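Asks: Residue-level listing of the chains:
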Amino acid sequence: MMELMTTAFATALLAGAVTAGVPLLLAGLGEQMSQKSGVLNIGLEGMMLAGAYAAFVAALGTGDPWWGFAAGMVAGMGIAALMALLAVCLGLNQIVIGIALLLGVEGATAILHHLAFATTYPRLPPAPSWALPGLSHLPVVGPALFDRSPVVYAAVALVAVMVWIDRRTGFGLSLRAAGEHPSALDAAGGSVVRTRVAAVLAAGAGAGLGGAFMVIVGAGIFVPFMTNGAGFIAIVLAMLARGRPLMVLCGALLFGACLSATTALQVAGIDAPTDVVQMLPFAAVLLVLAIFGQGGALPAALGEAWTRGNPLGK
Amino acid sequence: MTHPVYADATPLVSLAGIRKSYGAVRALDDVDVDFRAGEVHVLLGENGAGKSTLAAILAGVQQPDGGRILLDGTERRIASPRDAMDSGIGVVFQHAQLVPSLSLVDNIALGGPWWQTPQRARIAQRMREADARIGGTGRLDPFARAGALSLGERQRAQIVRALMRDSRLLVLDEPTSMLTPEAAADLVRLMRRLADDAARPLGIVFVTHRLDEALDCGDRITVLRGGRKAGELRPGADMTRDTARDTLLGMMFSGGLAQAPTIAASLPAASAAPVLEVQRLSIADADPPLRDVTLTVRAGEIVGIAGIDGNGQRELAEALAGQRPFDAGDILLCGASVRGLGVAARYKRGLRYASDDRHGEGTVSALSIGLNLLIKRIGDAPFWRGGMEKLAAVDAHARQAIEAFDIRAQGPRTLAGHLSGGNLQKVMLARELDGAARAIVFAKPTHGLDVRSAAACHARIRAAAAAGLAVVLISTDLDEIVALSQQIVVMAGGRIVARIPGGEGAHAAVGRAISRSEDLSAGGLQDRSFGEAS
Amino acid sequence: HAAPAKADELSTIAILAPEAATDFGWNQQGVAAARAAADKAGVKVLVAENLGYDDVRPVLRELAEDGAGLLIAHASGYNTAAPEIGAELGVPVAITDRPQAREPGKVADYTASGHEGAYLAGRLAGRLSRTGTLGIVTSGEPPGWNSQSAAFAQGARAEKPDIVIRYAVIGPAAYSDAAGARRVTETVIAAGADIIFGQGNGSSFGMLAAVEATPAVDGGKVWFIDVIGDKTPIDKGHLLSSVIWNLEPVFSAIIADVKAGTFGERNYGIALRDDSVSLLKTPHIPEDAWRHIEGIRQDIIDGKITLTPVFDAAGVHALVTSATRAP
Amino acid sequence: MTGRFIRLVAAPLLLALGLTACMLALMGVDPLAYFGLVVQRGLLSPSGLQAAITRMAPLLLVAASLILAFRAGIWNLGGDGQYLLGAVIAAAIAPALAGMMPHWLAWLVCFAAAAVTGAVWSLLPAWLRARRGVNEVVSSLMMSFLGLSLANVLIKFVFQDPGTTVPQTVTLPVADRLPRIGDGLLGGAVSSGVLVGLLAVLLVHGVMTRTAFGLRLRIVGANARAAVHAGLDVPRLTMVVFGLSAGLAGLAGAVDVLGIQGNVRAGWNPAYGLMVVPLVFLARFNGFAAIVFVFLFSVLSVGGESAARRLGVPNYVTLVTVAILLIGLAVGEALDRRRRATKAATA
Ligand SMILES: Nc1ncnc2c1ncn2[C@@H]1O[C@H](COP(=O)(O)OP(=O)(O)OP(=O)(O)O)[C@@H](O)[C@H]1O
Ligand SMILES: Nc1ncnc2c1ncn2[C@@H]1O[C@H](COP(=O)(O)OP(=O)(O)OP(=O)(O)O)[C@@H](O)[C@H]1O
Ligand SMILES: [Mg+2]
Ligand SMILES: [Mg+2]
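Chains A, B, C and D supply the protein sequences, listed in that same order.
Residue 595 in our numbering sits at position 36 of the first sequence, and the numbers go up by one each step.
Residue 1146 in our numbering sits at position 320 of the second sequence, and the numbers go up by one each step.
Residue 158 in our numbering sits at position 169 of the third sequence, and the numbers go up by one each step.
Residue 514 in our numbering sits at position 126 of the fourth sequence, and the numbers go up by one each step.
Do not rely on the hints blindly, as some may be mistaken.
What the hints assert, rightly or not - Looking from chain A toward chain C, a few residues come up when the C-beta cut is under 8 Å (computed):
hint	residue
1	ALA567
2	THR570
3	HIS673
4	THR678
5	THR679
6	ARG682
7	PRO783
8	MET785
9	THR822
10	GLN825
11	THR833
The set of hints was computed from the structure by calculation and includes no laboratory data.
On a predicted model such as this, the values are computed, not experimentally measured, just so you know.
All C-beta atoms in this analysis are idealised placements derived from N, C-alpha and C, irrespective of residue type, glycine included.
Whole structure, please, built from the sequences with the hints as guidance.
Replies: As structure tokens, this is what we get:
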């Protein structure tokens, strides 16, 4: 066990936690924005998957990972645009549309992959990383945290941006109002529809970028259904965070750390049943809920369609 | 009291031939009306007459089906609330349009450019200025959460917001219905002052159910009936108040209005035994905490509980009904403690509570009238047998109530959510007065009801007392309390601060007690007056 | 209802695979083998792929109705349903991972355990490892993979008693979790492994990507040993070998037995003996190492080395744990 | 009525068919052939129809579980974990019981055990919601993830069939499973589990709309403050609803195992929740509508698989068709609701 605790191993664990956590963080931040505005974006996983596929195709086609990230974001927003059109503008049931979009994207990306890559399985070259001067030479944390893809830094910076949006912009206020009391936003001259559409698109962008990261930095390859439930975990993280972007970061890192810990235990040869070890992250969340859980702080109008002048829609 | 009326200036807003239907309901039918700067224009009409719809059209919340809207003489469409705002129309809605979790400053910043940082300090400054302009005493904290404010404060904040946006026409939908008489009077004076402001005369549209308010401050009164304009009145020297009232009532209600007696029914016989006794009731876990409340209500007696909203009346009522546990003291019904009993058991023994929150807790909008009449005794025969609902029995019971209480609805299965406020109130009264009622608590029973519905409700309350029930009447409407109660207690800060016998002179005495208590409890989250800055 | 095909007039067979037959693995090998065997025997083949692991009974019924005289249920998850439907409709079924279900004329099992090949892979890896540490990464712990993981560990240890083996499972059902596979593989590499024995479906491509992108702790190249299929066409220079499963002889034998009316009198398996299991020879394997492996292969065929497959996860854990603690 | 049918079902169906047709045409497949095969297999061929009806059994029970919870305003999204644990327990005890007692009794015991298991798995989220006000969406989802892992642990370490290397429970012999029904009309290949499912949905529908108990739950779901005003014990009802809903999910697992699967393998998770949640929303929590939608979905999934195989397109096409159909139905439902809202205002 002790001989295993090399810098290389510790670095890999930490780096692995970050790699697993960043897609959750990106998607979770987006979802949080969407939830704040009152839209429960249950199709987040579909947006991630669409982002992953588009990023893969673009990065492969252009040979440039930046195009991949851009394409992933655009694809995530494309699915989000459908969500916005159907669930926000037309007011259709958010859960039905979210799940439908997820199923549709799963099917569509699997078909496209089947047609295009099922016999070649191309892989992407390693994604470029930026070493932060000074920090990247630290042992363990240097390579694991400070010599990473710029998207990692961007994701962390995004937390600050989200906090800033919430506290310092008119849009942040509109978001809160759209989720808590949409009619009040409307009466104040804001636009509920535009706010919600923007938030859903942002969620799509975050999820798409998360999917892109998963493909370009994480796996280096696309395979059907590869998001493997990450979207749902991001939704849970967004809910657990109760509106605070920093808590999404903590949650995503905790989740990544649990995954790394699982691997570490196995690699160290600690003979625990794999299934038991893999309960770790979920048990951690439940423990947090059971100990600290208090009254739900979800936006009052979460999940409800809004139309002006409908008295039942508050 | 003379004031300029700019009768010949171009109206700020004119509506011509406005029509609006919801499905087959004609909420507004060919309505012509105009609103001018410097004029307080009152809209009157019974429940469902179309007043809120008119306000909603001015606010850009509803689009008319037909007719024209002229702003400063030119035809315009008010496509959205933002449009209304940009045209200088500010609306204070009946149900506060503030986000409870945001501060007042943020609520005012709402709707600003999305990329800009709200200038909170500047907004707060301007807010204080605007507040001062309407005679604020500086007690409206710009950084308080909207959800933590009293109804009056929220209304005030909305008026401030409208003024800060340079509104020229201020529309207020039933702003006084939730206020104490003093606060209402202050608000009425404020409207007057805003209209009379020589530098910036505002146009005011004021929706109310109170004829006296209308007559006190209205330069012009437009009456709506069934969506049509029933008439217009300019109260003036040429008309006595009584004639004006009669004229208005005649316009509002086709059948006219049976005048209700204004003095309390005769006192119960001295021998009548106490039915409801509240003994030194205390609840620590309340805001404000309830302390040592003691009350005795005899059969046939109406005890009024006056006071500003939020001084423990709701907690007392809930404790009586069994919705809220209490720490110390006791509640006796016909001499027996009800302490260990739940809502249903108390209901069964005849202790009843008609809540003031008709939509929020008193009824379930998704359920039929029939079931709403029974929600406090679910499972009881003959409406349920072996747990199975007996539709015929439920319907028959509901038909009786509809008949007896004159509930205007298609039938027993009409959903409560489709009823007007007045009819919803009747459903609740029917439920609480049903069967062997012995004591009943009415909380703000007539709030939001039109004159006729309110009178009918008052008649019900008197009838209940006359039938030997012990009645507790909680209200912020002093006229109502004085008109109905044989005994009046004033609540403040969770205690009873005064006990005043009903009848002659009660009105002034209770009013004094309330304003004294208000001074005492200043600093809490009570309703604050709209009084002039001193 | 379709009358059960008489044994001697077998004209159509069907194979049911849980995932797409383009995985360079279990599904592709199975479907390709079924096609090849059917070609050889001159019968038609119906292919139903991508069926998932839920309820395959409707498909079994439909294929039988469509005239299949033999149903090859190519997933251990189908080995309960297929014999039931076979019995109901009177169609012979071939299943996997349930040898005791054999029944003359009705059911035969072709439990495919590549443990002999995996043992060879372990010997090869033990011999070629520079760092003295090997990695096993699997996407789950089904019996077929357990037996190979165990044999790989046994082989490596036989080759070099003090070899260290790092074992990691990606997730509870991580068959398509390519990103997870890559992350876990990179961790295993960081723990010292310079040869990865990888088992997974879609996720194995993530393992391959990790091997291609990550240097070993000594700075050198990390090699990948794959299972079941042959990923040579998509290799970028890291594919050391693969434990190839060739099911064509198995399916051919099954078809022949059906035709001969002797179906169900025996079970089938894959083994080094008839090359239904083999170790893939790639140009990356040094000649002397390959000769060494050939020798061991012969010893296994000759019975000089006997291997007992370990199918349960606990057995695997015990083996790799002892290897972890070896030094 | 016809107008309503066109709005609710026919028009959305046509829309979905149109969009799917475009997709198929893009893939070079004749859409008419595809749809023909779907209908042919899923609806017209006896064994396809039997398969579709059989497939409804667990879906209906899951629908019943969700309708009960959703109507009471409880978002029990932990159905998959409850389902799987129920299935594992039923699978573990059924083979032993079948030899000890009459079949019907063994089935009943298994049903009860599975229902109790599901209910137990909902205790924590129920308690958190009832006593601490913790939103149940997150907690029930987390319990579901945990439950999936726990099911695997149980299978591998407690209930593993010693006779096989595959981690799965002992198989219940076909003769001991729930009887098949519909001998004449349906060829006798339909599991009677579907009757349990139908019964459950209708029962839940009836209880929710026609009984005192259901009325209490509806009040809690519609307006929690009104529930307090009416004197209902909201925390207790919350626990009860969670327990019943989770119990039905567990029962669904048992019916699937006893009626169809015969055993449970490690790693198996049909994730019916994801499919049934949108269906019950579309049904607006109405039991009869849920039955129709579940049937539609079953026909599509059985027929779609067959059509894809025959036309040589990947089976994923069915996923896309289902997605488009869900969207179409949602559009129809919204149109209908708008219509009814205007009508109600007219009332
Ligand atoms: N959004 C709506 N949908 C359907 N019908 C409505 C809607 N809003 C109002 N109505 C109906 O239109 C009519 C006019 O309603 P309105 O709210 O304008 O009356 P009001 O004069 O404000 O009544 P009140 O005195 O009770 O406030 C009523 O019959 C009401 O039921
Ligand atoms: N969808 C609807 N269909 C039919 N009637 C409706 C509908 N929504 C609201 N109403 C009725 O419209 C009327 C006006 O609604 P509004 O929001 O103005 O309430 P209000 O009557 O003014 O409120 P209050 O009862 O507190 O005075 C109410 O009587 C309400 O019951
Ligand atoms: Mg109104
Ligand atoms: Mg009103």
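Asks: Now look at each hint and say whether the structure bears it out.
Replies: We went through each hint and held it up to the structure:
1. ALA567: Holds. Min distance 5 Å.
2. THR570: Check passed: Cβ of THR570/A comes within 7 Å of chain C, closer than 8 Å.
3. HIS673: 6 Å, holds
4. THR678: With a minimum Cβ separation of about 6 Å from chain C (threshold 8 Å), the hint on THR678/A holds.
5. THR679: 6 Å, holds
6. ARG682: Since chain C brings a Cβ to about 5 Å from ARG682/A, closer than 8 Å, the hint holds.
7. PRO783: 6 Å, holds
8. MET785: At about 5 Å, which falls below the 8 Å cut-off, the nearest Cβ of chain C leaves the hint on MET785/A intact, so it holds.
9. THR822: 5 Å, holds
10. GLN825: 4 Å, holds
11. THR833: 5 Å, holds
Hint compliance for this structure: no hint is broken.
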